[in-house]
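Given the coordinates of chain A, assemble chains B and C onto it according to the supplied hints.
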Amino acid sequence: MLFTFRISTDRSLSFTDISSKVKKYIRESGCRNGIAIIFTPHTTAGITINENADPHVQDDIAWKFRDLIPPDESEYLHGERNSHSHVMSTLTGASVTLIIKDGNPLLGVWQGIYFCEFDGPRMRTIHIKIMKDVE
Amino acid sequence: MLFTFRISTDRSLSFTDISSKVKKYIRESGCRNGIAIIFTPHTTAGITINENADPHVQDDIAWKFRDLIPPDESEYLHGERNSHSHVMSTLTGASVTLIIKDGNPLLGVWQGIYFCEFDGPRMRTIHIKIMKDVE
Amino acid sequence: MLFTFRISTDRSLSFTDISSKVKKYIRESGCRNGIAIIFTPHTTAGITINENADPHVQDDIAWKFRDLIPPDESEYLHGERNSHSHVMSTLTGASVTLIIKDGNPLLGVWQGIYFCEFDGPRMRTIHIKIMKDVE
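Residue numbers (the numbering used here), protein chains in the order written: chain A, 1 to 135; chain B, 1 to 135; chain C, 1 to 135.
No lab work stands behind these hints: they were computed from the structure.
Among these hints, one or two may not hold up.
Copies of the same chain are indistinguishable here, so a pair counts whether it falls within one copy or spans any two.
Straight-line distance between alpha carbons at most 20 Å, and here's what the computed DMTMM-like set of lysine to aspartate or glutamate pairs gives [said to hold, decoys possible]:
no.: 1; residue 1: Lys21; residue 2: Asp10
no.: 2; residue 1: Lys24; residue 2: Asp102
no.: 3; residue 1: Lys23; residue 2: Asp102
no.: 4; residue 1: Lys132; residue 2: Asp102
Small disclaimer: the values here were computed from a predicted structure and weren't measured.
This is chain A alone, in the form it adopts within the complex:
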C-alpha cells in the first residue's frame, strides 16, 4: 500500500513533525505487523527520527547543520546556490524505515518522525509505503 501527502515548509532550514500523519496512514492501511518506508522524492530535503518533546532540539540540530555546512561557500560550483542543501540531504537520507507492531509504528517514547527542509520554503511531497508481514 502506498500513500502520498504534501506539506508546506516556511523556512530555509526546518524540521516538520509528520508523526501523526504517518500514524494515520498506517492505521488507514489496516496493516497490523510489517514495516513502513517514509520517503521524500526531493534532493534538498530528508527524513529523520529525533526528539519530539523539546522543540529546542530541532533548533539545535538546525544550528549545528548550518554551522558545519554553511550556505554560499566559495568552493561550490553548482549555480543554484543550494549545494549545502544537497550535502545535508545526503547526510540525513531520503527515507526512514519504521517497524509496525499491532497497527502502530514501534517508536521510542521520545521519537518523532521529521521532514527535514534544507532549501525552503517550498511545497514538498512525502510517500509512505507499507509492507505487510507474510505470516
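Frame of chain A, contents of chains B and C only:
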C-alpha cells in the same frame, strides 16, 4: 517476526558490535531469504555498519564525531546538554536494513553491525524486524 | 529476488550514478509493487540518493565531505590511513531503500541513485534485494 534485546553501554560515546546477536536472532527466526531492520528506539543513539576488524576504526570514528560535533557548544538551547548527541543520531540514523540470504545477513567480510551510543552510559534497547520473501 | 553487480571507480572520492542499472534489475525482477534495498558490502563506501542533473552537485558534495573529514588527521589511530573513509561511510550509510510502483522506482524527477566511493579507485560490489507486496 520481531525480536527485542537490551545492551548496556559504558561510555558517553561508543560503538558496540551487535553482529553476533543479530545473526543469532535471524537464525532463530528461520527466515532463509528476506530483509532485517535493526532499529533503536532512542534519540541519542543510532545503528551503523562499519569495520569489524581493527577496533581503532571505531575509536577514530568516535574521535571524528566528537571533533565535528563537540558537546556543550554555547549556541545550543536544549537544557539537557546532549544536543550534540541528537545531532549525531540524525547523522547516523536509527536503523540499518540488512539483506538475508540463505539464513544469514549478506554482509561484506569486514562489515559488522554496531549500536552507536552518543549519550551514555545507559541501558539501551534494539529491535530486529524480519521480513520474509513472498516466494 | 537478489541481484549483484560490480563497478569500478577511478578516483579516491567519487559518486557513480547507478540509477539505470538499478532500474534494469527492477524491470528484470518482474516486481510491480514493493521495495528495493540497494546495499554495498564495503566499509569505506556508501549508497546515496541525490541530484542527477548538474554533475557539479556531486563535485560539491565531494568537496564538502573532504572539507569536513580530511584524510590523514594526526589523531587517527587506524594504520591503513583511511579512517576518514570509514567516517564518511557511517555518515552516508551502506544502503538506500526505494519504493517500487508499477515496475519502477518511485523517485523524484531530480533523484539519482549513487554509489559513493570514499577510498578508491577500486572494484566494488552492489546488491539489489527486491521485496514484493503481499497483495
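Status of the hints after comparison with the structure:
no., hint, result
1, Lys21 to Asp10, "within (18 Å within a copy, 37 Å between copies)"
2, Lys24 to Asp102, "within (14 Å within a copy, 24 Å between copies)"
3, Lys23 to Asp102, "within (12 Å within a copy, 25 Å between copies)"
4, Lys132 to Asp102, "both (11 Å within a copy, 18 Å between copies)"
In summary, the structure agrees with every hint in the numbered list given earlier.
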